[in-house]
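Line by line, the protein sequences are chains A and B.
All residue numbers for the first sequence refer to my numbering, where the first residue is 14 and numbers rise by one.
All residue numbers for the second sequence refer to my numbering, where the first residue is 1329 and numbers rise by one.
One or more of the hints may lead you astray.
Stated by the list, open to error - So the derived label-pair ranges between C-beta atoms look like this:
hint : chain 1 : residue 1 : chain 2 : residue 2 : range
1    : B       : Glu-1365  : A       : Ala-39    : 44 to 50 Å
2    : B       : Asp-1403  : A       : Asn-63    : 48 to 54 Å
3    : A       : Gly-43    : B       : Pro-1338  : 40 to 46 Å
4    : B       : Gly-1425  : A       : Thr-18    : 24 to 30 Å
5    : B       : Gly-1408  : A       : Arg-48    : 47 to 53 Å
6    : A       : Thr-77    : B       : Asn-1488  : 50 to 56 Å
7    : A       : Gly-43    : B       : Asn-1488  : 49 to 55 Å
8    : A       : Arg-24    : B       : Asn-1488  : 20 to 26 Å
9    : B       : Pro-1338  : A       : Glu-57    : 20 to 26 Å
10   : A       : Arg-65    : B       : Lys-1352  : 57 to 63 Å
11   : A       : Arg-24    : B       : Phe-1394  : 22 to 28 Å
12   : A       : Ile-52    : B       : Asn-1457  : 30 to 36 Å
As the list claims (entries may be wrong) - Calculated from the model, a selection of chain A residues having no Cβ within reach of chain B, i.e. all distances over 12 Å:
hint : residue
13   : Thr-26
14   : Arg-40
15   : Asp-97
To be verified - In silico PhoX-like cross-links for lysine-lysine, where the CA-CA straight-line distance does not exceed 25 Å:
hint : chain 1 : residue 1 : chain 2 : residue 2
16   : A       : Lys-54    : B       : Lys-1438
17   : B       : Lys-1461  : B       : Lys-1351
18   : B       : Lys-1438  : A       : Lys-22
19   : A       : Lys-78    : A       : Lys-22
20   : B       : Lys-1521  : B       : Lys-1542
21   : B       : Lys-1458  : A       : Lys-78
22   : A       : Lys-33    : B       : Lys-1505
23   : B       : Lys-1504  : B       : Lys-1351
24   : A       : Lys-33    : A       : Lys-70
25   : B       : Lys-1504  : A       : Lys-33
26   : B       : Lys-1442  : B       : Lys-1521
27   : B       : Lys-1438  : B       : Lys-1458
28   : B       : Lys-1438  : A       : Lys-33
29   : B       : Lys-1438  : B       : Lys-1461
30   : B       : Lys-1513  : B       : Lys-1461
31   : B       : Lys-1364  : A       : Lys-78
32   : B       : Lys-1521  : B       : Lys-1458
33   : A       : Lys-54    : A       : Lys-78
34   : B       : Lys-1513  : A       : Lys-33
Just so you know, the hints here were simulated from the structure itself, not pulled from any lab data.
Quick reminder that beta carbons are idealized off the backbone N, C-alpha and C, glycines included.
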Amino acid sequence: MFKATVIVKRRPTILDPQGKAVEQGARLLGFNNVRNTRIGKYIEFFVDTNNRADAEKEVNEYCTKLLANPVIEDFEYNLEEVSDD
Amino acid sequence: MIKFGVVVFPGSNCDYDSYYSVKKILGYDAEFIWHKENEIKNSDVIILPGGFTYGDYLRAGAIAKFSPVMEKVVDFAEHGGTVIGICNGFQILLEAGLLPGAMLKNESLKFICKDVYVKISSRENIFTNKISKNVLKLPIAHGEGNYFAPEDVLNKLEENSQIVFQYSSPEGEVSKKFNPNGSLKNIAGIINKRGNVLGMMPHPERACNPLLGKTDGALIFKSIVENLLN
């Protein structure tokens, strides 16, 4: 069994209105050194196989077809082997 | 008689408005299609209505594209069938790859609900070629209508006259001042290259009944029907 952790990020060239708004909050709180706040998604799940190559293939497809939109987002993931129980 | 199939996803909320407008106001045939169905019931036109399918979880329209009926809708579109996606329906068409690009949150981060004007920027398609007006008054209601596509895709859309509606002044001036959500090139609606699939953020189905004060939306449905009957 593998535990997958996926991070989906908006491409650097694409405007992130949420990040911009949150950074306005940072200014109000007095965090004057905060720059370029960008908001992405963190997703975790388990992959029920003991074969790392199979797990990678599945995670990759899951990310490409559903978790990330390739037009505006990039993704990266980490796979960690964990015990079955 | 031309038949409209209105797809109902969990979270659709403009499905009945669409059905009511095309059937009760405009007098065409219409039928609901539950998203789990495996057929489109001999529809001549498919409407993907507005709403918040699957709660807009992950991204607007991202999960609806895997509903069983969508396979049939994609097949229908690929064989030249007429499909119109409105608001969340537009987002589903983008996610399903039937139209290019993606939606971002509105630049203002606000959910915008108001009447806007859109200029008809292309008439080389069945959705607008029978409309004599140059500018339509239609309502918008969305939080994610900020259209994005890479530059090469935008250029192709322009070259092929695929940009059908652009946010404008009542006189048809397209400029930043009249852009409610930050969408690139003021895009409010686009078609695919073949010209049989339209995605638009404004709600034509909410502008059909004279009793409600606006009727420009009806012109789009009438244009489709006139073309299909010829």
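task = Against the earlier hints, flag every one the structure doesn't satisfy and list their numbers going up.
result = 2, 6, 12, 13, 20, 21, 23, 24, 26, 27, 29
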